[in-house]
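**Q** As you go down the protein sequences, you meet chains E and Z in turn.
Per this note's numbering: the first sequence ends with 307, consecutive numbering throughout.
Per this note's numbering: the second sequence ends with 130, consecutive numbering throughout.
Since the hints were derived computationally from the structure, they do not count as laboratory data.
All C-beta atoms in this analysis are idealised placements derived from N, C-alpha and C, irrespective of residue type, glycine included.
Be careful, since some hints might not be right.
As the list claims (entries may be wrong) - The calculated label-pair distances, taken between Cβ atoms and stated as ranges, are:
#, chain 1, residue 1, chain 2, residue 2, range
1, Z, P95, E, R257, 43 to 51 angstroms
2, Z, L125, E, E245, 36 to 44 angstroms
3, E, R208, Z, D71, 22 to 30 angstroms
4, E, G294, Z, R77, 18 to 26 angstroms
5, Z, Y55, E, G221, 19 to 27 angstroms
6, E, D211, Z, E74, 43 to 51 angstroms
7, Z, H92, E, R202, 30 to 38 angstroms
8, Z, P98, E, L232, 21 to 29 angstroms
The primary structure of each chain is shown beneath.
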Amino acid sequence: GAGVSQSPRYKVAKRGQDVALRCDPISGHVSLFWYQQALGQGPEFLTYFQNEAQLDKSGLPSDRFFAERPEGSVSTLKIQRTQQEDSAVYLCASSLQRGAGTQYFGPGTRLTVL
Amino acid sequence: DQQVKQNSPSLSVQEGRISILNCDYTNSMFDYFLWYKKYPAEGPTFLISISSIKDKNEDGRFTVFLNKSAKHLSLHIVPSQPGDSAVYFCAAKNSGGSNYKLTFGKGTLLTVNP
Numbered sequence: 194g195a196g197v198s199q200s201p202r203y204k205v206a207k208r209g210q211d212v213a214l215r216c217d218p219i220s221g222h223v224s225l226f227w228y229q230q231a232l233g234q235g236p237e238f239l240t241y242f243q244n245e246a247q248l249d250k251s252g253l254p255s256d257r258f259f260a261e262r263p264e265g266s267v268s269t270l271k272i273q274r275t276q277q278e279d280s281a282v283y284l285c286a287s288s289l290q291r292g293a294g295t296q297y298f299g300p301g302t303r304l305t306v307l
Numbered sequence: 017d018q019q020v021k022q023n024s025p026s027l028s029v030q031e032g033r034i035s036i037l038n039c040d041y042t043n044s045m046f047d048y049f050l051w052y053k054k055y056p057a058e059g060p061t062f063l064i065s066i067s068s069i070k071d072k073n074e075d076g077r078f079t080v081f082l083n084k085s086a087k088h089l090s091l092h093i094v095p096s097q098p099g100d101s102a103v104y105f106c107a108a109k110n111s112g113g114s115n116y117k118l119t120f121g122k123g124t125l126l127t128v129n130p
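Same shape as in the complex, but just chain Z (with noise of 0.2 angstroms):
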């Protein structure tokens, strides 16, 4: 069963434009959330993390807000370029028990048209 999903395998925008990727999870338990961006041939990136005693957290072009309620987070590129394409993979772990153990998603692949 998966505990996090990201129901958008792929997403493609225009260079500029916003970029939105979801992800949703099951486990409540979870209360720390990460977005890692892989290329090609090399192993995800750290991009940004987010505490659930927070809604947003913005780090340049990039935001991610939480949605405890709805148990929904979602990234946002903004304005996208096209060194942003990649694989984005939402990750989740729950910072009170084994606090380094990442749950993935299938991952976005996120692709930025010129």
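Chain E with its partners taken away, still in its complex shape (with noise of 0.2 angstroms):
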């Protein structure tokens, strides 16, 4: 079956654009999460969505991040005003259960800011 998957895998912006950033999260799956990994990190949670309700954004680090779920499948992550220490990998999970449950990663977007 299909996995997570997102797009673009590849995103290069100049500083001060604005990017947005899909995943696609496994059929069915109720939990979806956003990690951002910086190079020779490893992922740090963003925030978190049941369904199409986020239920924690603690980790996103600016108010210039932004994520939704409006249908409680496919998510966007956007980033506004994008600034070079937003480079990053920033990767997708789902998981089948509410919260806790094993977490199935997509293959990432790594984002590089000039």
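Fit the two chains together into the complex; they arrive one by one in their own frames, and the hints show the way.
**A** Written out as structure tokens, the structure reads:
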């Protein structure tokens, strides 16, 4: 079956541009997560959705970061006015259960801000 | 402050021998631990987990050991195979709190030489 997919796989943005990163979770998965992985680091939690509800956005680094999952399936992570420190791999994961449960990761979107 | 630490950035072993990857944690609230494996250009894949009520969990060639008093866990791979070459991430969570939020270490690059 299809796993978690993300698009684009690579994105280059000029500083100040807005970007939108898409995540298609595994069909039927209730929970969806976004993580940021900087170079040489492990993934760091950004936000958590249960269906369409964003239950935790404590990891979003600034108000330039915004995530949505309006129909409880596809999710978009938007970064406004990108900065060089936003350069990272953005990973999306989904889980069948609410909250706890094995998280299945997508391949990530590598964002480079010039 | 890193709450999950993987102090060895890399490890190289011969095919057929044992690989031991180590992980330390500082947050005493963590009570569930996971290992993820990551190949280049792919997302992390769940490998094995252990609850703090156990001190060992085994799945085929993979065994995770947990020493709660030392706040230390290790992943043993026996025998190691070239296909095991990947980055291994240790992750932890508090199942009583935000039970979905994984905290990752920086990862250890395992290279298994034929």
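**Q** Which of the numbered hints above does this structure break?
**A** Of the numbered hints given earlier, the structure breaks just one, which is hint 3.
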